[in-house]
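These protein sequence lines map, in sequence, to chains A and B. First residue of the first sequence? That's 1 in our numbering, and the numbers climb one at a time after it. First residue of the second sequence? That's 1 in our numbering, and the numbers climb one at a time after it.
These are calculated hints, taken from the structure and not from any lab test. Bear in mind the structure is a predicted one, so any value in this text is a computation, not a measurement. Hints are supplied without guarantee of correctness; some may be wrong.
To be verified - Listed below are the simulated SDA-like cross-link pairs for lysine to any residue, each with C-alpha atoms no more than 25 Å apart in a straight line: (1) A:456 x A:409; (2) B:295 x B:23; (3) A:118 x A:189; (4) A:253 x A:121; (5) A:344 x B:253; (6) B:209 x A:338; (7) B:295 x A:231; (8) B:123 x B:150; (9) B:295 x A:29; (10) A:29 x B:142; (11) A:29 x B:150; (12) B:31 x B:102; (13) B:206 x B:175; (14) A:29 x B:102; (15) B:175 x A:337; (16) A:425 x A:409; (17) B:300 x A:313; (18) A:389 x A:426; (19) B:300 x A:398; (20) B:206 x A:339; (21) A:29 x B:72; (22) A:177 x A:231; (23) A:11 x B:113; (24) A:29 x B:94; (25) A:60 x B:83; (26) A:323 x B:71; (27) A:465 x A:253; (28) A:323 x A:368.
Said to hold, decoys possible - Taking CB as the label site, the calculated pair distances span: (29) B:12 x A:125: 30 to 38 Å; (30) A:32 x B:107: 22 to 30 Å; (31) B:184 x A:172: 33 to 41 Å; (32) B:110 x A:39: 50 to 58 Å; (33) B:107 x A:11: 31 to 39 Å; (34) A:393 x B:204: 24 to 32 Å; (35) B:206 x A:183: 51 to 59 Å; (36) B:107 x A:125: 51 to 59 Å; (37) A:122 x B:179: 47 to 55 Å; (38) B:176 x A:393: 34 to 42 Å; (39) B:12 x A:93: 45 to 53 Å.
By construction, the Cβ of each residue, glycine as well, lies at the ideal position given by its N, Cα and C atoms.
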Amino acid sequence: MASEQQRHAIKNAEVLMVGAGGIGCELLKTLALSGFGNIHIIDMDTIEVSNLNRQFLFRKSHVGQSKAKVTVHVKSKTECYECQPKPTPKTYPVCTITSTPSKFVHCIVWAKDLLFAKLFGDKNLENDLYVRSNDASSSSENVEDVFERREGDDLEKYGRRIYDHVFGHNIEAALAKEETWKNGNKPKPIYSRDVLPDNLVQQNGNLNKNSTVDDPLSLSAMTSLGLRNPQDVWSLVENTKIFLESLKLFLGKREKEIGSLIFDKDDQLAVEFVTAAANIRATSFGIPMHSLFEAKGIAGNIVHAVATTNAIIAGLIVIEATKVLQNNVQKYRMTYCLEHPSRKMLLMPVEPFEPNKSCFVCSEAPLSLEVNTFRTKLRDFVEKIVKAKLGMNLPLIMIGSALLYEVGDDLEEDMVRNYEANLEKVLAELPSPVTSGTRLAVEDLQQELSCDISIKHREEFDEEKEPDGMLLSGWTQAPQVEKDNENGHGESTSVVSDLMPLESKDNGEIEIIPSGTKRKHTQISSESSSTSCGTHSNGGEPKLEVIDDEDEVVILDNWNAENSKKKKVL
Amino acid sequence: MDGEELTEQETALYDRQIRVWGVDAQRRLSKSRILVSGMKGSVVEFCKNIVLAGIGSLTLMDNRLVTEDALSANFLIPPDDNMYSGHSLAELCRDSLRDFNPMVHVSVEKGDLLSFDEDFYDKFDAVVVSCSSFTTKKTINEKCRRRPKRIAFYTVDCRDACGEIFVDLQKYDHKQKKPDDTIECQLQYPSLEEAVTAPWRSLPKKVTKLYYAMRVIERFEESEGRNPGEVSVSDLPSVLKMRNELCKAQLLNESHIPDGLLERLLLAGTSEYPPVCAIIGGILGQEVIKAISGKGDPLKNFFFFDAIDGKGIIEDISTPATGC
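In isolation and in its complexed conformation, chain B is listed as follows:
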């Protein structure tokens, strides 16, 4: 995009969404640069959404090759194995995404996410991490937080018919609309580590069970050195044991993390449910658009969805010290 104004082409293409969020927001989107790691179903949906929205550039990272699971939830992969064999997930997605909006610069970054220095992240306005261990996510989050310019950070994880999004906008100023007037307010987001280590007994009573269940599975995978989703129903006894230990340590009643829920998540392994990917990818897309454009109230700081009850819930999880 040249200069400050949107081109005639952009104005025509983005007409319907400009009517939602305005020209200024669209301009900001057109300049934005997003990094995405882990091309799973929900992430692919997210990429489709932001490419259609007209961001400036999208950098994809995922060196893995195509698997059965990937094919069943990733609509960007061409179904013909002559076409996809030999290419990484990132490369395949890049080619399809370019088609959706030729005005967006889509590229692939090879290499290992953890190998990059901190200043690598300066190139981006927002970073989305998926298909990574907790340690990896935490490390990236900390690197981003240390950069001088604010980098919006998100993680996303879908298992079975459930999905989780985490948002870290650090310090975020925005105008909140109230019935009578508009007030300036500042949101203070905890880091991933701070959020996840918030003592369970300090959290509100009605925090969704999915939050706890995801933490248990996360902890299990870390302790066993598993890749995310590299679990199965045979792990259930160990996982239940871990749940019990955690609940005891955190003084939380076990009923907050039902066996059935844990079993569902384990059974799923790495497979995802496409409608949930669409929903999670849509919500995440909206969040990133809000953060970049500065329009709309971003969610703080977790979002959960479970197709079984159909509720899309926001949870504000923070340690008492950092909460606001």
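Just chain A, same shape as in the assembly:
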């Protein structure tokens, strides 16, 4: 298999593994078995029980301890991790969440980011739970007072008041704004006295199940109420009970955390509360309810995962790594692991794409930044753009040959003072002024990362949509391709979309869209060699044939070739 020389290269290769999770464990094992001698691992996560179904290097006894994840790319020859747009967490318009939810996920976001945050989180943070209406509305109570506990308020009373306010009064207030409901789908207000007449909730016997427990994270309203199966979809009555009970448990047994709690999918009580609240709101708006299990997945952005796929991917990674070590450029492949075979293949190797020209990591295309150069300070630019968006840690910023800012241990004191002073200046008033048309060079020497930014002055920015007062464009924008569903190839090439769904979901599933309009790497490099054996079509007409011979490489069907020359058979 491997020659002596190859074995030597493998043994002495330095490998950095970023991430020691699902794929990481498999990868570490396979790398070690394959003879890699130097492996460095980074991972900032800690081990959880739910990891143990696939991250087999960890045991139950390790839960809570720390762990490490990787991308490998050959710089400038193939795509880097940034070249393909990565799915960003889905966000929703504020009014959908606060006023017009139509899907269960909207209710989850409301329950988690608004209600939970308002009740248990930092009170100083802005919260859209109440979108103030201009006209004096029905409720005579000052909105803020509702959430304050009053003298003599027992937890039951307080809970019901909150319930009635968010599910009852608030809805009635919303109904008063007739224009919102022109198209029907009016929500129904729900009051606790109608769902749960007062005295039925005394379940002191069951409360004892929780009272002897020391660990706050194991408190559970489900346990108190005898609801054992997280896969059950609770009734409105049950959801109401859970809502009130979990609220009681938070305020009664976890008071210390109130005011600083952040939702955590592994906080059982938090998940119970959010599930119940989301379900009640869903009922109000005629949206189907969901089980705790499902709600947790949505609220926690849980990615489903199994050991087998990770093992396969790890094996494929090591095979690619070996090619890299041997500088076997022609043989680099991206391999898709498919759920349903495409052209008899479950594992489909594809030639890697060339780097995305707009990718700021790989290429030289300048980014552009719209900013008010008379109001924005250099400090904001450094923090919000250079560090936060571009991921630079030790940036260096220049105009032409003039240094505006840099960080380093070896700087002289007066230079440091100079840079500090620059940070406080607005862009237009810097020693070398930054105005419309200026081109800044930004570098991070530590990461060998550099890019140019063209500045364009703009006066106004939308406070809601552009809270930073700056708009960066031209980064990670790979040309988008519509998924080709004609013969199922579009679907089968997206790694995640075909997982066996438990039900049809549109809760913001991750999709990976191959940007097929880019030219393949070897098409570029072999352009000059026009000799080829095997089939090839005449230039000009994009003809997509699958070449099935032994050494040929699959070309994705949804790739529109600008250059239709086929790869030479090796």
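Chain B: place on chain A using the hints.
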């Protein structure tokens, strides 16, 4: 596991995979019993996968002691020879596998696979055979097929950077999802013997060369009375001769079974390439999980992988009479 429901412990541990295949499938997995014979690299990977997935019980068979080759592809063997000497491969693997998931019952069956009566196999829902001669594999397959309750049967073989999986689910009913609706369909799997004796000229033109190459090596080992993998590059002339004879008899052009491929397989002997073991073990793991849980489309009936081209290919090999 007690009763019908998954325990709280199981629900917590298997959360991420339950989100893939559902609670019912997980329950079925928790009750399943698997027999594995031949603890080679790819089989060990497979065992790790199904133990992590939470099957009910796993029975291991392999009386051989540790060898150099085994150490280089089997990550379950402790590297210290004080720890492994005197123990069989099955025993060593059992101890490590138990660690991965204490909820799975892992045990060792000593004795010779061929010595058991047919009803021995009734204890299992799935049987995986590796490191065995063709005759052995065929015999086990036939025994399984004769049992009243369906036993899923698999063989797996990895040589050099190549791997082969064979699947026999006999008659398998499942719901196949089409764009518009779901249709019930029944797959009819040929036995190992039927698949392997399918005339080559009746097979589709583009069947992977690896299929043929494995048959040639298999035939060679049988005729010479060799253990699987007990071959070397010095056998090449004889193997090429056998290839030529087979091709002539089967009316297949020799170019379908390149010299180079045969040479690679011979050179490897019993050694395996770890990344390929991981891939083959992963695919096999998925297949067994599908068959037991009833979720997902099982492959029919061969799977091949070669790291040289990176393709993982399914081939449907059956005699015209049994094909469907």
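Next on the checklist: Taking the earlier hints as the rules, which of them does this structure contradict?
Outcome noted: 1, 9, 10, 11, 13, 19, 22, 23, 27, 28, 31, 32, 34, 38, 39
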